[in-house]
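Protein chains: 2
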Amino acid sequence: MIKSKGYVAQHSFTALKPMEFEREEPKENEIALEVMYCGVCHSDIHQVKNEWHNTVYPCMPGHEVVGRVTSVGACVTRHGVGDIVGVGCMIDSCRECAPCKEGAENYCEGPNSWLATYNGPMIPAKKATTGTNMYGRDNTFGGYSTTLVVAEDFALKIPEGLKPAQAAPLLCAGVTTYSPMKHWGVGPGKTVAILGFGGLGNIAQKIAKAMGAEVVVFTTHQAKVNEAPVVGAYAVDVEDDDAMARYANTFDFILSTIPKKTDLTPFVPMLKRDGTMTIVGALEPLEPFNNMEVAAHRRSIAGSLIGSIAETEEVLAFCAEHGIAPDIETISIEEINEAYDKVEDGEVRYRYVIDMASLKGAE
Amino acid sequence: MIKSKGYVAQHSFTALKPMEFEREEPKENEIALEVMYCGVCHSDIHQVKNEWHNTVYPCMPGHEVVGRVTSVGACVTRHGVGDIVGVGCMIDSCRECAPCKEGAENYCEGPNSWLATYNGPMIPAKKATTGTNMYGRDNTFGGYSTTLVVAEDFALKIPEGLKPAQAAPLLCAGVTTYSPMKHWGVGPGKTVAILGFGGLGNIAQKIAKAMGAEVVVFTTHQAKVNEAPVVGAYAVDVEDDDAMARYANTFDFILSTIPKKTDLTPFVPMLKRDGTMTIVGALEPLEPFNNMEVAAHRRSIAGSLIGSIAETEEVLAFCAEHGIAPDIETISIEEINEAYDKVEDGEVRYRYVIDMASLKGAE
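In order, the protein sequence lines correspond to chains A and B.
Note that the first sequence covers residues 1 to 363 in the working numbering.
Note that the second sequence covers residues 1 to 363 in the working numbering.
Honestly, the hints are just simulated from the structure, not real lab data.
You may find that some hints are simply not true.
Since copy identity is lost for identical chains, a pair holds within one copy or between any two.
Unchecked claim - Heads up, simulated DSS-like pairs for lysine-lysine below, C-alpha to C-alpha not over 30 Å straight-line:
(1) K126 with K272
(2) K126 with K360
(3) K126 with K3
(4) K101 with K182
(5) K127 with K272
So that you can see chain A by itself, here it is in the shape it has in the complex (with noise of 0.2 Å):
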């Protein structure tokens, strides 16, 4: 066993505080690390504060990891002690499903769907129809913590041209916005809408600029439209009825990161024909849709959910090519709940990374 420290929620309504446990030895296609870098993601809040109504307490956040790897499985090839490797949302999938051998481990048929880096699997063994579910546990601990134990191809190498600290947004808001703007066509000469400026708008529009696209980033911060240069974005504040008018039949493809139900009507009127509106920062019920907008000009409005290995490999690639990263704030584990108030308050500029060497000596 590998004695670990982790920052947890005991419920819904408490702060996180150091936990001490215990993670299982690597099996032989597993590798075990050390965390070096974990990204604070929205949906680390909506998890904790059970927003879904599937957490399992208590709860240990974080699939936005980097870390150094400590040991290998006597099977594991891909990666050596002492290499730099990301993990994402996944640490698992069912490997068996069409998805999972076509590579699309993110929209995994398997009886559990794919074992999530914590809060997983995604479908708990009491609600599995055998009462028991085919990872064997009902909760996994993430990466808020001293140590990770993942299947080795759930463990992608960091490139050398990113710095480790960066490339931990990219594990989770950086493949969620690539992967839509891949699938729908983002390239030269297309016009992209982002909406919502936190760490996933952040990074969506460097990685659409990289693609070719011009690209808006709409907001409801004025402050964040102001600021935006500062990051190569234009921006606009969503309640600047001029500015709005003229995005009328205007983006071949807008990715919504709003992180909760929003009003999103209207923004529908900005799509092109045939456009579509991908919907990656809510998971859960929207505000409805008028199918008069949406049929006028044969829109679609779709939902894509984070992204593939082979896409969180390509991100990872992509983002050192195009020498472009998430703009981060680096923080100790002991500011993670003042964090989480920042996030919710649209104040991080724009993600924020825990160093986790800051969690050795916590108490």
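Chain B: place on chain A using the hints.
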């Protein structure tokens, strides 16, 4: 001027009654028709009852028109006197925007969009920025009449293999379902669900099968489930929970022809990964969707609006070639108000078509 007779609603709350009126003689690129048959579309009822809040009265519905050419303008080359032709939802469009030039007139982005066969143009003069509109009129009178005048290229020859009365519903119901099924790739090896088993659902399931797909129709009418084999369909009662549960992750494409706002969330999990549900029946604010279900398998919810002139020509040829046609009940114009009640109650099998010879003698 062409002396004409038609059936009109004077208000949203009154029955349709006969009215005498005159149409202008066809301009150089237009043709005049003697209307033989006109289908009764659920949108006629929406429009007469002002359920889309844009009806100009008196309102003379009818956009599934088959007639005989009685005169042609000086420059007309496509049609001759005596030809049997069909006219759908549009009688003209701007002809200058990108969609018009690409042959997608149904997505016309001109200043008044396409000219609707009745209650057109879509943007009335009083709402147009100039106070007038390009078509010079706020209201057009449709096919519940003895005559129609239309731009020659918005009238399509009825193929010899189709009976004129049965061809009528193809001009709206047919092309409205054919267009999205073609666009989203319905064909051999695909599984398709048709939601709603009225005039659109009836022809949609025939077209989908003729395209080579496996097709299931969903209806709220148990009687229609029982009668489905009579029209070559396989139908499921949406209140049959066991049947509904069988179709999880089954369909590549779902076409909702349900003519009003309906909770479609039970059908989202029936879509395969990357499947699309396209809504053509309800042109209004929809019930909310749960993005957890949409995103989980990268599904899409889309809209589609009637079809282009080229697609209308295609669906006529397609049905003639495959020996399929809508199942209709022919009525006289005096039965129209009673027919509206039956359409709303789902009692029609499956489309009413008015034999317009009945109008000549109507009081």
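Results of checking the hints against the structure:
{"no.": "1", "hint": "K126 with K272", "verdict": "between (45 Å within a copy, 26 Å between copies)"}
{"no.": "2", "hint": "K126 with K360", "verdict": "neither (34 Å within a copy, 71 Å between copies)"}
{"no.": "3", "hint": "K126 with K3", "verdict": "within (28 Å within a copy, 75 Å between copies)"}
{"no.": "4", "hint": "K101 with K182", "verdict": "both (20 Å within a copy, 29 Å between copies)"}
{"no.": "5", "hint": "K127 with K272", "verdict": "between (42 Å within a copy, 22 Å between copies)"}
Hint compliance for this structure: hint 2 is the single one not met.
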